[in-house]
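Student: Sequence:
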Amino acid sequence: MRRSRSHRRLVALVLGTLLPAACAAQQEATLEGARAAERAGRYDQALSLYERLDDGSAASIEARAGRLDVLLLTGRYAEAAELAGTDVRLATRRARALLAQGFHEEAAQALDAAVAAGVPDALAARVLRGELYRMRGELDRARATWDGLIDAYNRGRPLDAQDLVAVGTAVRRLGAWESVYFHDAVKAYDEAIAADPGLAEAQVAMATLFLDKYDSGEAKQILDGLLERNARHPEALLAQARALHFDGSGQAEVRAREALEVNPDLVEARVFLARLALESEDEAGAIGEAQTALGVDSTSLEALSVLAAAHWLEGDSAAFHEVEARVLALNPRYSALYTDLADLAAQRRLYASAADLARRAVALDARDWEGHGHLGLNLLRIGAIDEGRTALEAAFAGDPFNVWFKNTLDLLDTFEHYDVIPTEHFRVVLHERESAALAPYVTDMAERAYAALEERYGIEPPTPIRLEVYPDHADFSVRTVGLSGIGALGVSFGPVLAMDSPSAQPRGDFNWASTLWHEVAHSFHMAVSENRVPRWFTEGLAVHEQ
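Per the working numbering, residue 878 is the first one in the sequence shown, and the count goes up by one each step.
To be clear, the hints were calculated from the coordinates, so they are not data collected in a lab.
Some hints could be false.
Said to hold, decoys possible - What follows is a set of in silico ranges between Cβ atoms, one per label pair, in the way DEER data are often shown:
id: 1; residue 1: Ala913; residue 2: Glu1264; range: 51 to 59 Å
id: 2; residue 1: Glu939; residue 2: Gln1128; range: 36 to 44 Å
id: 3; residue 1: Arg1106; residue 2: Ser1126; range: 34 to 42 Å
id: 4; residue 1: Arg1409; residue 2: Ile938; range: 57 to 65 Å
Predicted, not measured: the structure shown is a model, and the values here were computed from it.
The beta-carbon is built from N, C-alpha and C at its ideal position, and this holds for glycine as well.
Turn these sequences into a full structure, and let the hints guide you.
Tutor: Here it is as structure tokens:
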């Protein structure tokens, strides 16, 4: 059937009326679709949709910002910096791309421009400006910069979710000076999540804060929800890797590598893997990961520090000092170089060295509460009880969230109820309610073990060895790892031994004399090897001795 010309004109008229509205709806839906794709981890699709909307017009700035967010999230930093160009509205994102590559001066210029122009994300720019000061060791300038965001929050003007994330991050940094600010950070992040429940940045920031304050349970709950919606968010995957590592899970490395599948240039993930390698005594693997990270950002203090640690642990002092000099040239107050190494040294049972390294950390930055804590714990491990307590009190005053510091200080408070019985080679520490009954047996067995092992190995460990015997297994556990629940019955730090008393275990289940002999043997093994014997080897040898 033939259609009339009038009918065709009517169809054309209707289509001409509807097409502009349809195109506008399609454009709006595409922008929403791009955001939805980004938040679901469909980054290629999101990028394609954003590119279609980014036609260079003034109205397309939101689409270009979306493009930059995807490029930053997936590690395409150079491309992001170029795309941002000189548009001041995109200067904060450009600064992020430059910082990720170690271009600090150019990043500072971009951030200053963003703040001066009062762009919508100026608060985020100010937070990053503070980070740049911190990276250079200019801590007072960093503090003043972050402190200004409190005024922005208190003025009461409406803040969007990203502004609230910026405020939360600023006050979180201020927590190094006053721990009460950590509560304010939680409040700001909570408000950000309420304002935009789909903003991954807010959830990752909140989870990271909980991890930093030793609450992996809360962190995992947040991250599990986020990763259900976007299983490919690299920063969330890395945060989950940290939470898994905190809980002792072997899946931590898997999650970190999943993050790198999305963003191969995520420096923090490379540093995390390098740290895992060092904990497994794989210095070569750690060096490889650190060097890969430095290929992305040659100024990364974290990557340089883990590289320095690898060289120190493998005994290459020349390489260590070379990297150490690079770190301190970038930031003369970067105490984490020594704090992190102190932690690793203690894991290798190099307790005296760990204490020395922690001393260097707090000398650089008196607010390095972790450094004070490592100093205190390792002084306790080598028998410097009073000095160790002083350091731990300083650590806990600065970081009252640290359960290891608190538990250990609580344990030290009980030492007034212990008697110290000196022998030729030991200072035996027994609880006052058991001292009279146990002292004859424990002192005799300790000296017999010492005599037999001295004859076998032909050496004399430094004496007196401090032998602490705990009637409560939870106290022994705290002395060992700072937490209750450890499954071991004894531990040797070399000059200090700790073990359960017979009363700490069910009657008939515990051969205390065998445990004592085992731990004294460890003291000999550490002395003869200068604490550089593999744990697996010395455990087998001590079992043989007992």
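Student: The structure should be examined with respect to each hint, and the outcome stated for every one.
Tutor: Verification of the supplied hints:
{"no.": "1", "hint": "Ala913 with Glu1264: 51 to 59 Å", "result": "holds, 58 Å"}
{"no.": "2", "hint": "Glu939 with Gln1128: 36 to 44 Å", "result": "holds, 38 Å"}
{"no.": "3", "hint": "Arg1106 with Ser1126: 34 to 42 Å", "result": "violated, 22 Å"}
{"no.": "4", "hint": "Arg1409 with Ile938: 57 to 65 Å", "result": "holds, 59 Å"}
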